[in-house]
Amino acid sequence: MAGIRTRREVFFNRAAIAGVMVALFIMLVPIYWITSTAFKPRNLATTIPPTVLFTPEISPFVKLFTKRSQLRDPVAQEIYDAAPWWEQMVFDGGQKVVRSNKGVVRRSGYGQRFLNSLIIAITSTFLAVSMGTLTAYGFSRFKVKGEDDWMFFILSTRMLPPVVVAIPMFLMYRLVGLHDTHIGLIILYTAFNLSFSVWLMKGFIDEIPREYEEAALVDGYTRMQAFFKVVLPEAMTGIAATAVFCFITAWNEYAFALIMTNRKAQTAPPFIPSQIGSGLPDWTVIAAGTFLFLLPVAIFTFLLRNHLLRGMSFGAIRK
Amino acid sequence: MALSVIARLEPGSRAAKRGMSDLAIRNLFIIPTITFLIVFNIFPLLYSLGYSFTDFRASTNAPAKFVGLDNYKFLLNDEFIWRNFTITAKYVIISVTGQVIVGFGMAMLLNRDIPLKGLITTLLMLPMMLSMAVVGLFWKLLYDPSFGIINYGLGLGKFEWLADPDVALYAVALTDIWMWSPFVMLLSLAGLSAVPKHLYEAAEIDRAGSFYTFTRITLPLVAPILMIAIIFRTMEAFKTFDMAYILSSQPTTELIAIRLYKMAFLEWQTGQSSAFAYIVLIMVVAITNIYVKYLNKVKER
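Same order as they appear, the protein sequences are chains A and B. Going by numbering that gives the first Met the number 0, the first sequence runs without a break in its numbering and finishes at 318. Going by numbering that gives the first Met the number 0, the second sequence runs without a break in its numbering and finishes at 300.
Only chain B is shown next, with the shape it has when bound in the complex:
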């Protein structure tokens, strides 16, 4: 159904007199990719949509029984699932706020005459390129209550970062802030360097205070690009699995993705987890939509 839309002729283009026609080349280049994505992303989702209305468990050979909307009803009424959503919301707010403050702060510092600026920026970028799973693993070493360098460096004695259920979520968020602040910094730097210099000069001539300059010139001009960083990070933090799963096994750090993983692959509630996946999916698509709108807006500038 989808392919016919692309294949429709587009008259007036350079109809090739030799070799393949433009139209044929276009289709040859585009259709395999679209097909591939449909087969390996959309088709599986349709496949699991069917299962979401059943009580199927992949660990048994029992045939799936149709249960209608029971899975969805159960999930939306289950208080534990709502707790997972609350935890995720808290985690997203803490880590994205932290990243914006630290990342934007670093960008403000770097947006000056700093010697070796290029090298420093590259080094600062390193954390976000690393594997989330492996970062989670080695932060376990850093957080260790008895020999971790964080407790030693901050003089916290035997402070339990990960074993204390009230602190664990903050510890996971802190690692996320360490890892992804550079991302916000990178985008903020791009925004800051695009602010026309003459605006600052004009503000200086008008004897505007630095606070006024910041809130009236810098912030409004950087805002759209900062917004992209915030939406993107929100979406990624919402999906967080690897790092939190490895760092902490506390119930207070059970994010949605972790709950989903456990439900599907440890408890083998295949039908129920398919329904859960759909609830998550709808939320992600909604955030993605906002993200793309903003991307296009910034692109047009």
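Same shape as in the complex, but just chain A:
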């Protein structure tokens, strides 16, 4: 609005800034809390009043990646002295531990789950985005009979509730031995993300002027060369954004992973909650696992910030 700013307007603007600050505070407190809990010593994690200021430590992360055998007796001094630093840290955290012949500390299941999550999310993203880009180009540049119906069909596969698809998939996977395998989950996540990637990529490719390819065709390129040498480089931003969205979806997926895996190929989302178990959970370790798991998504969200709207609306709304 033009330069004239009434007092009323200034007041409203200040009120809006205050309101935004309150909203930002409320939205970020839960995230701050899980992050800070991940760096707390165990005895400060569940205090009343809540502990806000403390000396951060990395013992929750050490505990996250390790499994310890617990015993009632306190640790003898010579055992403590002989232990490597990461074991000593566990002793310092008030854990009563005893050394077996294999050592106090063994690897926990978290590292493997994290690795599974990475393998499955990256592979399925690659497949979904490459197939999706090709299909989007096909729909964008060529006449396809019943295009709207096909696009609706593609989208509708994503809208299916995971549990609904999981029932028959579980039976089929059991039959062909894909249960609890990486490939099994990769296929499911690729199918899930493929529809999204087609919709989003179609929007991006629609925006690339057809004249670019026409010019390349006149210059003697084949259609295939024009696609790879002209269209793909132009679509790179879109491809990157789509890939990040697909990665986040696959990374966060819970229901399929819960049903289709139980150990070997299990990803982090069903694993982290299963660590609560019975009795008093160690919230610092759960928070550490959560923090590590959420970190890549937080970074990606920041990188994606200009494409969020587009991705979230399946490419329908552009900025």
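None of these hints come from the bench; they were simulated from the model. Check before you lean on any hint, since a few could be wrong.
Each computed DSSO-like pair below joins lysine-lysine, with the alpha-carbon atoms no more than 27 Å apart [as the list claims (entries may be wrong)]:
(1) Lys142/A to Lys296/B
(2) Lys72/B to Lys89/B
(3) Lys142/A to Lys228/A
(4) Lys296/B to Lys196/B
(5) Lys72/B to Lys261/B
(6) Lys66/A to Lys263/A
(7) Lys89/B to Lys292/B
(8) Lys292/B to Lys142/A
(9) Lys144/A to Lys292/B
(10) Lys89/B to Lys157/B
(11) Lys144/A to Lys296/B
(12) Lys89/B to Lys196/B
(13) Lys261/B to Lys263/A
(14) Lys116/B to Lys196/B
(15) Lys261/B to Lys64/B
Starting from the structure of chain A, add chain B where the hints point.
Structure of chain B alone, referenced to chain A:
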């Protein structure tokens, strides 16, 4: 059957003189995806359609016995299933309404000269990018009656958010509102920034009140895009599984997806759950249809 439709020739296109023809490229690009989706989404559903007419249980080796429409009859007459539907409806209404109010409210606040607007918007978006399962997990810590920061911050003493069956559904909905209000905000912001400025200027010249300006200019112009947000969130809330399943095990928070999961994978009523899945599926396809119609409408503007 489906593939032949795509493969049909489309005359008059640039028939390539060199390399692959356009038609071949089109088919090469499109058919694998369509095939993949049919094989891994449609075929399984047809597979389970067969089971939905049987009493098959995947936990036993007993052969499936054909029971006709019994599963469907049973489910539609079962009062517990109807309770799951009622709970889901309540949950959808509470959480989507909450998200629209909070999300649209935040968008109205942000649609001004706010310093660091880009950074603030990005930070506000963070919750909706996180894993629903993990969010459910750490909200358990926040809701804890004795050391949770929500009770501490609001001075609620030992208020039982999750253990009280009457409150648990609201607690789950509240977490959903925290997580997805940014989504409504994002879409509302896009709608708000598309309202032509001259309309507001004209309203000011006419000395229109701010309420009048809001109901006659802002709301009608933002409505279509807000509608997309509402339908999309309704569909997602209807399907909610992860967060509610992890946050609460109360029977009062047993949403349809949770009931379906339990029926299929804890009670191993494979035949019956396949029938249930079909009932849910029909509802989801109906909502999706409305959603896509709206998407196309907004796209055309």
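Between the alpha carbons of Lys89/B and Lys196/B, is the straight-line distance 27 Å or under?
Violated, at about 39 Å.
Given pair status - Lys263/A, Lys261/B, alpha carbons within 27 Å
holds, 23 Å
Quick one, are Lys142/A and Lys228/A close enough, alpha carbons at most 27 Å?
With Cα atoms ~22 Å apart, Lys142/A and Lys228/A stay inside 27 Å; holds.
27 Å limit on alpha-carbon distance, applied to hinted pair Lys142/A and Lys296/B
holds, 21 Å
Could you grab the alpha-carbon distance between Lys89/B and Lys292/B and see if it respects the 27 Å cut-off?
holds, 25 Å
Can you confirm whether the C-alpha distance between Lys261/B and Lys64/B stays at or below 27 Å?
holds, 22 Å
Within a Cα-Cα threshold of 27 Å, do Lys296/B and Lys196/B meet the stated pairing?
holds, 23 Å
If you draw a straight line from the CA of Lys72/B to the CA of Lys89/B, is it 27 Å or shorter?
holds, 24 Å
Between the alpha carbons of Lys66/A and Lys263/A, is the straight-line distance 27 Å or under?
At roughly 18 Å apart (the allowed maximum being 27 Å), Lys263/A and Lys66/A satisfy the hint.
CA of Lys144/A to CA of Lys292/B, is that 27 Å or under?
holds, 19 Å
Taking only the CA atoms, is the gap from Lys116/B to Lys196/B under or equal to 27 Å?
This hinted pair holds, its Cα atoms lying about 19 Å apart.
Are the Cα positions of Lys292/B and Lys142/A separated by 27 Å at most?
The hint holds at about 21 Å.
Of the hints listed earlier, the one the structure fails to meet is number 12.
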